[in-house]
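Undergrad: Listed below are the residues making up each chain.
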Amino acid sequence: MGKDKKYFLDEKPEKLTYGGVFRRINDWARARSLWVVAYGTGCGSIELRPTFTSRFDAERLGMRMVATPRQADVLIISGYLTVKTLKRVIRVYEQMQSPKYVVALGACPINGGMYYDSYNAINRLDLYLPVDVWITGCMPRPEAILAGFKRLQELIDSGRADGWKKYIDNLDRYRENQKKIIKNWKMPNYNW
Amino acid sequence: MVNPILIIGITLGSAFLIGIVQAFRPRWTGWIFYPTLVFDFLASAVNLYGFLSGSIGKPIMVKIGGFPPPVGINLLVGKAEAALGTLIFAVALLGAYHWGRRGFPQPQGKIMVLFLLLALGAAGISFTGDFFNLFVFVEITSIASYGLVASSRREEALEAAFKYMVVGSISSTFILLGVVFLYKATGSLNMLDIGGKIAGGFSSQVLGLISLLILAGLLVELEVFPINGWALDIYQGADPVVVALLAGAAVKAFYLVYLKTASYLALPSFFKLSLIFGGGTYLVSQFFAWRQENARRLLGYSSVGQLGLLILAGGLLLSPSLPASSRAMVLAAVVLLILNHSFSKSSLFLLADNVKGEKLEDWKGVLSSSPVFRFSFTTSVFSVAGLPPFPGFWAKLLLVMAAARFSPWLVALILAGALAEVVYYFRFFYLVSLGDKKAEVGNNLLAPLVASLFLVGAVPLAYKMAADKLSLTLPGGVLVLLGLSLLVYLLGFSRLLQWLASLGLVAYGAYLLLPFLKADLSGFFLGLILAGAAVLLLATYPGAKNLSSSFYPAYLVVVFSMAGLVLSTTWFSLFVFWEIMSWASFLLINMGRGKKAAWIYAVLSAAGAYAMLGGISLLPSPYISSVKSPGPWLALLLSLGFLVKMATVPLHIWARDAYGESPDDFTPLLSGIMSKMGVFGSALVFLYVVINLSSRSSFNYLLGWAGVLTAFFMTLLAVFQEDLKKLLAYSSVAQVGYILLGLALFTPLGWTAALYHTVNHFFFKGLLFVAAAGIVYRVGTSYLPHMGGLIRRMPLTFFASLLAVIALAGVPPLSGFAGKWLLYTALIEKGWIFIAVVAFLASTLAFLYSFKILHAVFLGQLQEENCEVREVPIPVAVVEIILLIPLVVLGAFPRLILDPITRVLGKVTALGIPDLKYTKTLGVVSRLGHWNALFLMVFFAGAFILALIFFALTSARVKLVGQMDVGYSGEVPRSPEDLHFGYGMYDHFRRAVKWLIYPLATRVWRGIYEALGAVAEMGRRIYTGDTNTYAAYVIGISLLILLIFKG
Amino acid sequence: MWAKILYAFLTLIGGIAYGLLLGGISRKITARMQNRRGPTVWQNFIDLWKLFRKKTAISHGVMFYLAPMFRLVGGAGTFLLVPVVVGSPYLSNFSFGGDLIVLMYFMVLGCLGMALGAAESGHPHAPIGVTRGLSQMAGYELPFILSVIVLMVADKTATLEGIVRAQQGGILHWHLFTHPFAAAAAFISLLGMMTSYPFQVVLAPQEIAVGPPTEYSSTFLSYMFSGRSVFAVAKYLLFMNLFLGGASNLLWAFVKTFAIFLWPLFITNVFPRLRLEQSVLFFWTWPTFLGLVDLLRIYLVR
Amino acid sequence: MAFFVSSILLILIGLYAVLVKRNIMKIVIGLSLMDTGVNLLIISLGFIRGRTAPIINTRDLLVNTSSKVVDPLPQALVLTAIVIGVAVTAVALSIVMLMYSKKKTLEIDEYKELKW
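Chains as they are written, first to last, in my numbering: chain D, 7 to 198; chain P, 2 to 1048; chain W, 417 to 718; chain X, 7 to 122.
The set of hints was computed from the structure by calculation and includes no laboratory data.
The calculated BS3-like cross-link candidates involving lysine-lysine, where the alpha carbons are at most 25 Å apart (straight line), are:
no.	chain 1	residue 1	chain 2	residue 2
1	X	K118	X	K108
2	P	K185	X	K74
3	D	K171	D	K21
4	W	K420	P	K918
5	P	K360	X	K109
6	D	K192	D	K18
7	W	K444	D	K156
8	X	K121	P	K357
9	P	K831	W	K572
Chain D with its partners taken away, still in its complex shape (with noise of 0.2 Å):
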C-alpha cells in the first residue's frame, strides 16, 4: 500500500447518464449560470479580463468568475499549453464537478499557433481534454469570446455540450494520451 493510497483517492470516476425529470430545466439553468475557472498562462487571459468589465460585461450572460475548481463549470484554456501547465490542467479538469465544459481560446490549442514547432507546447488540446468550444484567433477578443460563449450556452441548452461525459467515458484513451506527452506522471492515477 503505497503512501498516496493514504492521501489521495485511487479510484476511477464512474460512468454518468444525462438526462431525467428535469433534463430541459437543467440544461436551462446550465447554460445561464456558468461558473469560470480560467487557466491563465496563455496571453488569452489577457483579454479575459475585459470580457468580465463594464464595457463587455460576461455577468449579463450568467457567468461569474469563481476561484477554485470544485465550483466551477467552465474551465477556460487561454492559449497554449505547454507539457508542464498540461498536468496542472488535467488535475484542475478532473477536480471540477460534472457536467463541466472547457472552452479553449485561440488558435494554440488547436494547432499549435505560432508555437506549433516549440519542443514542448501541446499543437492539439483535443488530445488530451474534450474541449467543448473552440474560440479561434490569435488572440479572440472579447467580442469573440462573448460569441463563443453564446454557442457554448447554445450547446448546453440543447444538450449537447458533453464533453464532461465523452471525458468519463473515454478516460483510459485520454489517459494514454497524456501520458505521452506527460512522461513524468507524478500525480495521482485519478484527480479527485
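Based on the hints, put chains P, W and X in the right spot on chain D.
TA: Relative to the frame of chain D, chains P, W and X by itself:
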C-alpha cells in the same frame, strides 16, 4: 524519676572514659558512647513521662555538694527542661547513629568525647539553676562545638569554626561579665533567688544593663540578625551531623535559657527586644534565603528564621499585656515549633549529608532516587514550611491566632515570613524534582527517616494541642478518609491496585459522607466533588502509564480535603483543608512536566491562603456563618485565597502552566472540581462576610469586574495559545471568571447562573480535559500544530469534544447555553450593563478558541506521524460517554439542574429563590425574556434530520475523496504538513489585540519577585564572611541593645 | 401547532426566495452602479438550481458532509426565531423559542457548524477564512452587543416582541430615532456581519479562494447558498425589529428589510477592502464609541 | 580604680585586635587579652580596699572572717573562667594550626569562602 545529675555525671564520666579507652582500644569507644546517649535519652524521657503523667508534681531540684540553693550550685528540672533534655538526646542519638554508620572522623574517640560534651553542655544549659553554672555549660557547649565544627577538617569547616570561636568568645565574655555584675548587684547567682528578689521589688540602676549584657550574649548564640553570619557559615561549612545537633538541639537549650533569664530578670523592655529581634531575624532570614543556591546555607537561613520565630514567640510570652488564653496558645506554639524544627531540620541536614554536592543543582533528581529520601524530604519540608497536618502548621496557626490579639501587624509579619519560607522551600522542592535522571544519594537514610516519622507521629499530638486551644473540630469522617488515602501509598508496588483502591475509597467516602448530601450549598458541592471524582478517577486507569506511586494518594487527598472543605463549619477547619488541598495539588502538579509552574502555584496559593489566615485571625468568632460587621479589607483578605484558586486576574499567572503541565490525569480534577473550591469559598465570603459589609455593593461590583476581566483576558489568551492543555487551562479560568461574576451579582438569578455553570463547567471541561489526556497519551504531544485530522483516528473523542465545545461556547441546543442565558439575564436585570458588554464580548471570543480546539486537533490534515494513532483508551472513552450524556440531556431539560439549585438557594435565606417561571410554550421565563430549551433542541434536531434526509435523497453523487485531494491550483500537494493550517491560527487577529495581551501581570509579578530577590541578594551581602566584620557586628549590636533598651 | 409549523415552513420558503431575490437585486444594482447591465434579478435562482442539480460532488468526511445542513438549519433557525410580523399568528414564526439572547447565540450555530465542515476539507484556505471570519465577528460583535444591550435595558425586555412593542406609536418611536447612536453602531456592525466590502477579507476570493467554502461544490454549495440567503434575510428582519419598529404587515416587512438591505450594498460598492486587524480595530473604536454614548446615556438616565 | 581602668583597657585592646587585625594569630591574641581583661575586672569587682585575700592562712582570720577578707566568690569564678579561657585558647590555636596547614597563610582575608 531519674536524678538529672546522673545524666550529667554519667555523660561526663563516659566522656573521660572514652578519652582513656581511645588511647588503648580505639575501637571500643563506641561501646561507651552509644549506651551513654541511650541512657541519657531514656533518663530524660522517663522524667518527661513523669511530668506528663503527673507522677512528678513539682520541678526536680538537685542540690550539688549538699548546699541549699541560694549558696550552692543547683540543677532545676521542670517539665520544659525534661522535654528539652529528651529532645536534645533524641536528636543526639539520631545524629550519633547517623555519624556512626557513615564513620566518625579520626580520631574517633575524641570526636565522641566532643559529641558527648556538646549534648551534655546543651542539656546542662537547660537544666542549670545557677547563672555562673550556666556560663560554664555555655562554654562547654561552645568548646565542644568549635571542636566538632572543625572536626571534618575541610577548609570551610575550619573557617566556620574559627569565626564561631571569635564570635562565641565575645558572646561568652558578655555572659560572664553579665553574670558577675549580676552577682555584684544582687549578691546571688541562683536563678530562682534572683528572680524572687526582683519579683519582690529589688531594683538597681545597673540591673537593666546587666541583664541586657546576658541577653545580648545569649542573642548572639541565638543567631539573631545581623549577628548570625557565623551561624550561617557553620550550617554551610560544618559536617551536617554536627549542624543537625547544633540546630536541632543545642540552640534550643539556649532558647530555653534565654526565656528563663528574661523572665527571671523581668525587664519591661524584654518583650519589645525579643519581638524586634525575633521578628526581624525571622523575616529577614526567610527573605534572604530566596535566591540562595547552596542547599545547606539555605537550610541555615531557614533555621535562623525559625529561631527568630521562636524568639518572637518568646517575646509574646514575655509581654505583660498578653491574655492568659493567648499565652497558652503561644506556649503550645513554642513547644510545637521546637519539636517541628528540631526534627525537620535534623532530618533535612542528615539528608543533605547523603547528597554529594552542596549546590541546589546537585540535588536535582534526588527525589526519584529513593522513596525513603522522597518521603523524608517531603515530610520535613512540608513540616518546616508549616503545612498541615504537620506540627509546624499548628504552631503557626496558634501563633497567628495569639498574635492577632496582640497586633495585626505582628500577624502580617508572621505571615509574610511564612510566605517567604514557602517561596524558597517550594523553590527548593521544585529544583530538586527537576530533571529526569536519578541522582546518586547515599543510603544512610534511617536517621532522617526516623526524624520525619517523629514528625508524622507528632501530628495527632499537635492536632490535639491546637484543637484544644482553638476549639477546633474537623469532620471525623473526612479525617478517616484522608488517613486511608495515605495508606494507598503503601500499595505503591502496583498502580492498578492503587487505582482500584482509590475507586473503592471514593465509593466508601461517598457512603460515609452520604448524610451530608443535603440540598444546601455544602451538599451541592459535596455531591459535585464525590460524583465528579469518581467519574474522573475512572479515566485515570493506569494501564501502561508511567504514574508516580504517590499519584493516587495525593489525588485522594485532594478529593477528600475538598470534601472536608465544603463540610467545614469554622474558618479554621476550612483553612486546614484548604492548605491540605493546596499541597496535595502542588505535589500532583509537580509530578507533571512543569515543575516551575507547580512552584508558582504553591507560592500564589500560599499567598492567598496566608491572606485568608490573616483575615481569619481578625475574626472574633471562627464560625463561618457568624462574621459580624467586617471591614472591606477583611472581606478582601478572606476572599484572596479563593480568588487565587479561581485564578482571577491578576492572580492568574500560575494557571496556564499549572493546568497545562500537570499530569494529564490530574488536570480534569484540577479544572473540573478543584477550581470550584474557589467558587465555594467565594460563595461563603459573599454569603457571610460581604453581606454584612457597609460598602457591599461596590465590593460586589469590584469582584464582578474582576470576574469578567478574568473571563475576557483569559479567553483572549486562550485564542493565541498553541498548546492544547494550556488553551483549555485559559478557557477553564475564563469560565470560572464567569462563575465569579455570577456570584458577585449576588442576586438569586446570578447565583443560579453561577451554580449551574459550576456543574456544567465540570461536565464539559472535565470531558475536554479527559479527552485531552487521552489524546496526549495517544499522540504524545499537547502541541496543537503537531496534531490535526484526528477525527479519522478518534471519531468518538471528536464527537465528545464537539459536543463539549458547543456546550463550552454556549451555543443553544446543548447545556452550555443555559448558564450564559441566566448570567446575561441576571446582569441586565441587575443593571451591570458595562460588565454585560464585556461578558458578551468574551463569550464571542470564546468561539475563536472553540474552533481552534476542534480544528487544530481533529480537523484539517492528518499528519504523517499520527496515521497509526488509535482511539483513546477504553476507560477514557467510557468517561467521555458518561460526561457526554448530561451535556445533551441538560440541553433539553435544564430544569434537571435548575430545580436542585432552586432548592439549594431556598436554604440560603439571604438570597431567596430566583424569579424564574416555567411554562410549556415559552420554556424558562425570566423577567426579561424566555428560552425554550426543549423546543430548541427538538426543533434543531428535527430540522437537521429533515434537511439531512432531503439532502441525501436529492444530492448529486457524493464521493468521499482522500485527505489531500484538494483544489490546490492544479498542484499535487506533497505532504500533509504543507496543507495543514495549525500554527499561528490567529496571528492576524493578534495584530489587532497585541496591546491587550501584553503579559502585564506576569511581568509585574515577576518584576516584584525579582526585585525582592535582588534586594535579598543585596541584603545578604552584609554577611561578608569576614571575621573582623562579624565581630564588629556583635559588638555594635550589643552596644545598640544596651543603649536602646536600657530603660 | 401543526398549522404554526406549516406557516413557519411557508415563511421559510418565502424567506429563502426573498433572500435569493435580494441577492439577484444586489448583483443588478452593483452592475448598474458599475455602468453595466448585469445578470437578471433571478440569476441567483438559476445558480441555485444549477448547483442543486449538478451530477457529482465530493466530500472530505462526516463534518464536511454535515456542514451545509448546519448552515441551512442555522440560517433557517435564526430566521424562524425572528418574528416577521409581531403579533400576527401566521408570521411570528417560532419566536416563542427564545428571546434575543437565545437568538444571538443561535446565530452562531450555523457558522460554527459550517466552519467545522470547512475545516475538515483539509484545504488550508478554509480554516484561514474561518479564523478571519471568527476574528471579524469578535470585532463587529462588540458594537452590536452594545446596541442590543442598550435596547434591552431601555425596554426592560429581552424579547423581540417586547422591543417591537416598545417602538409602536409613530416613526419617531423607532429605536433608530430614540437611540440613534446605538442604531448607528448596530448598522455599522451589520456591514461586518454581511462580510462584504470593506469587511470582505473573510471570503476574499482573489486571495484565499472564497475561504471556508472553498472545497464545497454542487449540492453542498446550493445548501450553503440558500442558508446564506435566508440568514441574510434573518439579519435584515432582526434589524427591522430592533430599530425600524418591526412590521405591521408583510408589505411593510418587505419595504423595511429592503431598505436595510440597501445600506450595506451601497457601502460595499464604493469601498476597498480592509485588513483584518484594521477592521477589528475599526469596529472596536468608532462604532463602539457610538454605542457607548447611548449605553452611558441609558446608564445615567436609569 | 586602677584595676578597673587597666582591665577595661585590656578588654579594649583585645577588642581592637579582634576587630581590626587581619592576622589570625593576632585575633586569637586579642581574644586572650579580652579574656584576661575580663578576669581582672571580675577580681577587681570583689576587691575591697584594706582587706586580705580570702585564704585562711592566719589564725586571726578565723573570726569575723567576712569583714576581713575580700569577696571570695569572684575569685572562685575567675579560677573557672581562667580554665575555660585556657581551653578556648587551646582549641583556637589548634584550629588556627589546622587552618595554616591547609592554606599556608594566616591572613584572615584568605578565609572568606563562606559568605552571603
